[in-house]
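Letter by letter, the chains look like this.
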Amino acid sequence: MDIGAAKMIGAGLAVVALLGVGIGIGNIFATLISAIARNPEAKKDVFGVAMLGFALTEAVALFALLISFLILFN
Amino acid sequence: MHSPLHQFEIEKIFNFSIAGVDLPFTNSALYMLLSVLAVALLVFSSGRSIEKPGVIQVFAEKIFGFIQSLVEENIGQTGQKYIPLVFSLFTFILFGNLFGMIPYAYTFTSQIILTFALALVVFVLITLIGFIKHGFHFFSYFLPPGAPIFMAPLLIVIEIISFLSRPISLSIRLFANMMAGHTMLKVFSMFTISLGVFGFSTIIATSVLIGFEFMIAFLQAYVFSVLTCLYLRDVIELH
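Those sequence lines, one after another, are chains A and B.
Counting from 1, position 69 in the first sequence corresponds to residue 69 in my numbering; the numbering is continuous, with no gaps.
Counting from 1, position 238 in the second sequence corresponds to residue 238 in my numbering; the numbering is continuous, with no gaps.
One or more hints might be untrue.
Unchecked claim - Below 25 Å or equal to it, Euclidean Cα-Cα: the simulated DSS-like pairs (lysine-lysine) are:
(1) 52(B) with 62(B)
(2) 12(B) with 186(B)
(3) 7(A) with 186(B)
(4) 43(A) with 12(B)
(5) 81(B) with 133(B)
(6) 62(B) with 44(A)
Unchecked claim - Looking from chain B toward chain A, a few residues come up when the C-beta cut is under 10 Å (computed):
(7) 3
(8) 45
(9) 46
(10) 51
(11) 76
(12) 169
(13) 173
(14) 174
(15) 184
(16) 187
(17) 219
(18) 227
If you're looking for bench data, these hints aren't it; they were derived computationally from the structure.
We put the beta carbon where it would ideally sit given N, CA and C, even for glycine.
The following block holds chain B by itself, in its conformation from the complex:
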């Protein structure tokens, strides 16, 4: 029997190299490609017909409306231009999590390097937006308004640390949720064999956990996009 962590192993599907650099096509890359294709399908099927929208079109427009209200609630009217960013982040993570729920499929969001790269994109973006919008005035972000001046040295250090730890907490949250959730499912399924006759009880428990895991898949994509919106508002409004 494989260990519960076996599901996170990256396997090469076929080898591929350009000028001596190894670029294998892995199972992780396959599911990322599938997820991107699903997002592209949503994007191209929306806004097709007004009289007779298909199933995919309605689904795509529901997601778009959801993201639109999310961005408007959290950033405000000035946040309209960030809708594409939040939409693509949300759908990419959502499809990654949901494709991972297919038995024997690979969950690419359980790779810390991928979630860290996504979080780093958000982090670099918010820093750039802060500098472009406010110039060097952006540094006032690190001193909350109304704070007593003698607290400044302490507060500035705390604010800088909390700003720099954002990509780390953002990436570890998604990675740990997906990895712990999937490992938990596998551990519970292993109990089914070791419990013998009473194995049916763990089958029920695992079914409930799978439903829970679907909720987590959606919730984590939602949390990632909400936090992206909150960080964007922080640097756009500067307090």
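Okay, chain A solo, but in the shape it has when bound:
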């Protein structure tokens, strides 16, 4: 196989990890919404934790993105 084509396929495969990240971020915000809906007073406390969880999950997406960028542009 042509090395360029293999690189493209590899970069595409690297971002399959985004599947899990999408589920994870959706889960975090779904839980955040239901938590705030059940107890609106807890919004201040819950929001910070949700943002922390969002950033930690999103970092996984960026690891995958980074790998695919490194494959594509190196």
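Please build the complex by placing chain B on the supplied structure of chain A, with the hints as guidance.
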């Protein structure tokens, strides 16, 4: 056209050597210096006047109050003495990320060696604090309380690996976020030319992404300091 990774190249601004050792002043060093100066400006402008606080003073005191509540929530009252550490880590990373958002500026937090050095400082510090506070009792950290004793060999190995991987995960998170974010912006801007007439749609997308990137810049500095606080609490309280 440059490749999207061109922005991370370190360039020498002027050469400088002491006794045969090369110590060039690079663009990375320049932005680190700028960031340190900005932090110093915040520190020296706070607590100046009570009647008529300036803009910078209010900003500095807001950040300080934010860090103070963060440390108190996560470590507790005993954590007061770690406020300067968390404050300087937070502001240094925040200004590094924000200065990187200026067009043609260099983002020094996208260098893994810098983020790894920062994370290593935190790691060495928490290990030292653990040993100073608890002596050899600190090793009980690696066995969670209430765990069945026959699980001990497995749990201890897992806990030691998770403890040792902290500086790595802490540094890679910040580095990957900044690097992937900035590369993504450049890749999207490249589409503007290749799409021709429809390029305006990517201009809108890039503008939205820049706003997102500002949020990430703040969020990553916040995550780094929150995790520092959590690690500190772990070794101070030992379970």
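Hint check:
| no. | hint | in the structure |
| --- | --- | --- |
| 1 | 52(B) with 62(B) | 15 Å, holds |
| 2 | 12(B) with 186(B) | 23 Å, holds |
| 3 | 7(A) with 186(B) | 20 Å, holds |
| 4 | 43(A) with 12(B) | 49 Å, violated |
| 5 | 81(B) with 133(B) | 14 Å, holds |
| 6 | 62(B) with 44(A) | 17 Å, holds |
| 7 | 3 | 5 Å, holds |
| 8 | 45 | 27 Å, violated |
| 9 | 46 | 24 Å, violated |
| 10 | 51 | 31 Å, violated |
| 11 | 76 | 16 Å, violated |
| 12 | 169 | 9 Å, holds |
| 13 | 173 | 5 Å, holds |
| 14 | 174 | 9 Å, holds |
| 15 | 184 | 7 Å, holds |
| 16 | 187 | 8 Å, holds |
| 17 | 219 | 5 Å, holds |
| 18 | 227 | 9 Å, holds |
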